[in-house]
Amino acid sequence: MDKFVTHRGTVLPLRRSDVDTDQILPAEYLKRITRTGFEDALFRAWREDPAFALNDPVFAGASILVAGHNFGTGSSRQHAVWALRDWGFRVVVSPRFGDIFRGNALKEGLLPVQLDQSAVETLWDLAPDTLVDVDLAAREVRADGFAWTFPIDDFTRWRLMDGLDDIGLTLRHEDAIAAYENDRAAFKPSTKGF
Amino acid sequence: MDNHCTVLLLICMVSPVAQLQLAMELRWDTGNDAEAAKRRILAEQAKAMPRTLAEKVWADHVVRAADGEPDLLYIDLHLLNEVSTPQAFDGLRLAGRRVRRPDLTLATEDHNTPTGYADGSFHARRGELLTIVDPISRTQVEAQRKNCAEFGVPIHSLGDAGQGIVHVIGPQSGLTQPGMTIVCGDSHTSTHGAFGALAFGIGTSEVEQVLATQTLPQARPRTMAVTVTGELRTGVTAKDLILALIAQTGTGSGTGHIVEYRGEAIRKLSMEGRMTVCNMSIEWGAKAGMIAPDETTFEFLRSREHAPRGEHWEAAVAYWKTLVTDDDAVFDAEVFLDAGAVSPFVTWGTNPGQGVPLDDVVPDPSGFADETDRNAAVRALDYMALRPGIPLREIPVDVVFLGSCTNGRLEDLRAAAEVIRGRRIRDGVRMLVVPGSDEVRTAAEAEGLDRVFVEAGAEWRFAGCSMCLGMNPDTLRPGQRAASTSNRNFEGRQGRGGRTHLVSPQVAAATAVAGRLAAPADL
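Protein sequence lines correspond, in order, to chains A and B. One point on numbering: in this note's numbering, the residue at position 140 of the first sequence is 140, and numbering is uninterrupted. For any residue, its number in this note's numbering is found by taking its place in the second sequence, counting from 1, and adding 1000.
Keep in mind the hints are simulated off the structure, nothing from the lab. One should not assume that every hint holds.
Computed, partial: chain A to chain B, Cβ under 10 Å [stated by the list, open to error]: (1) R15; (2) W46; (3) P50; (4) Q78; (5) L115; (6) D116; (7) S118; (8) T122.
Here are the simulated DSS-like cross-link-like pairs (lysine-lysine), alpha carbons at most 30 Å apart as the crow flies [to be verified]: (9) A:K188 - B:K1321; (10) B:K1268 - B:K1056; (11) A:K192 - B:K1268; (12) B:K1268 - B:K1321; (13) B:K1056 - A:K188; (14) B:K1146 - B:K1321; (15) A:K3 - B:K1268; (16) A:K188 - B:K1146; (17) B:K1268 - A:K188; (18) A:K3 - B:K1056.
For glycine and all other residues, C-beta sits at the position ideal for the given N, C-alpha and C.
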């Protein structure tokens, strides 16, 4: 995973709430078995509308997606994160994220930043010209004299700033996993011989 | 793990009040067996602190806890489907890792699989297997087959009697049991919580993590109780209950919580009904939904293929009976709902929280106090091609879909068949009946349910996710409107440009007969 420490970019305003993962990446694109190359699928259906923000050249190059509440609800598809990342987003801002989407984004170094609705609306108004700084070390978003702090736990922040992946971290505790397995109840089911 | 580590870990897990006393007691244990110390302290902890069902199951799966870090949770069962796993297996290969516990892993094919033959027919032809025509779908399904063969993971492939929707085959085989941790790269994994399991959907990176380590680092979610008092009225189902709850709470209010559904109305639900409720937990944002196991749960499991037997059964039931929320346990949030006030419920919009009773009319967005909700409603009505004020019962449909991991079990098919029996599906309406698994299909045929549907003019199809999501040949055409027993009414969910009204199996059946949204009592 790429490290995330700070990011400077411009905003793409997505003035919608409850943006579900079926909108971010429609199911027909879930059939691919690669981990990259999903940028063509991003918001595919909404892009049919020429007025949709992603089609607007004034927002070209924007790397901070700012959306209404409940962004990334619905399906567990990590493909939605791949599509956002492949398009060029490094940060998504919303007052609230779907839990699975948020977890998936954190695995890929796409930073989900939780800010309240008024900050979101201010950021919408700052698009497309204002440069916005997203500072993970300080847990802060700064732009045009504004500064908002956002919540993120120490462990996750450290993992992102060092670009560490969870599997590598977990395998350090192999002995604890083996000890747990030795102690599991005998009645727990197995899929052996299924 | 050495004794020193164990002691530190366990002290972190207990409340500050009890820490001093436990630390003193631990001096006696450091030279002894660490596991004995662990059990003793956990028992001590259980006595000291009343806990919720979720907290008990969570605590029983903590492999490692450390201050300021997420808990490392052991996973008892990892279910795979073809959509979320190819990239995870690629990751294993790249890192030179194996699947740690193929014996706790099971794969099935469901999202891409067709529910009929390539020629469009869906009448079973002896000895003829279904084929996947779309080359991209086929590649994805074949990728999982190859991966399972290479890594030694058991799989139920298309044409195998054990094949079906991943969340239907776990429970039907008895693999889903109380007190387990169950994950799958699919958000409707919450279904398994109906058994008192802690079950939740994960993304592909987490699938890779569980394949490699059989564990997941997880921050401890908050807990929430949803207490459903009273009794559901005749003709009102678990689906109506959960749709009404989501409409009341909104799509995001469960975020970050493990929800426990409890109360008289929940206790009276069958396992199938409980699965429907837990299945849709994710639709209001909950991390997981759980229902404490009881006699209904044990009875459901008793004869299942993978349920414990003999003395293992006795030991299991003794443990399962401890999986209830203690009387004095405190939830971080509580929601109450009166089951007696729930009536058949349908959605009018493009998220599962946009629903009203079938008796109602399409709401007027100008009546929404919150600006965000108002804008969302305007957009939704535009997409759904509906005007405010229209009675729901006047909305005609083109397609009725009965199936999915929400409502594709035998009880759902029986309930719909009861409504359809002796009636005809309205001319011009297409009804797809899709069992949740091959086993459900076989059981339904043994009862003659297939004939009821076929005689009424419905399509009796093969098992799979089908029209719940647009990944296989069963899709809506642009502009088509469906009454669907599935779980999501998102834009384009059932096919690009398709419009979805979420309903119960009974409402789906009545709607197929009436040609417009209807309850059985309307026929």
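*Holds or violated: are the alpha carbons of B:K1268 and A:K188 at most 30 Å from each other?*
With a Cα-Cα distance of about 27 Å, the restraint between B:K1268 and A:K188 holds, given a limit of 30 Å.
_Distance restraint between A:K188 and B:K1146, which requires alpha-carbon spacing of 30 Å or less_ = holds (28 Å)
*Please verify that hint: A:S118, Cβ, nearest Cβ of chain B, below 10 Å or not.*
violated (12 Å)
_30 Å limit on alpha-carbon distance, applied to hinted pair B:K1146 and B:K1321_ = Violated: B:K1146 and B:K1321 sit about 41 Å apart, past 30 Å.
*Could you check if A:Q78 really has its C-beta closer than 10 Å to a C-beta on chain B?*
This hint holds: A:Q78 lies near chain B, its Cβ roughly 4 Å from the closest one there, short of 10 Å.
*asked:* Can you confirm whether the C-alpha distance between A:K188 and B:K1321 stays at or below 30 Å?
replied: Roughly 15 Å separates the two Cα atoms, so the pair holds.
*With a cut-off of 10 Å, does the beta carbon of A:T122 approach a beta carbon of chain B closely enough for the hint to hold?*
violated (15 Å)
*Could you grab the alpha-carbon distance between B:K1268 and B:K1056 and see if it respects the 30 Å cut-off?*
With Cα atoms ~23 Å apart, B:K1268 and B:K1056 stay inside 30 Å; holds.
*asked:* So, as I understand it, the hint says A:P50 touches chain B; can you test that by seeing if any CB pair is closer than 10 Å?
replied: Status violated, d = 17 Å.
*Given A:R15 was flagged as interface, is its beta-carbon under 10 Å from a beta-carbon of chain B?*
OK, holds: A:R15 within 10 Å of chain B, min 8 Å.
*asked:* B:K1056 and A:K188 were given as a pair; does the straight-line alpha-carbon distance stay at or below 30 Å?
replied: holds (16 Å)
*How about A:W46: closest beta carbon in chain B under 10 Å, or not?*
holds (8 Å)
Checked against the numbered hints given earlier, the structure breaks hints 3, 5, 6, 7, 8, 11, 14, 15, 18 and satisfies all the rest.
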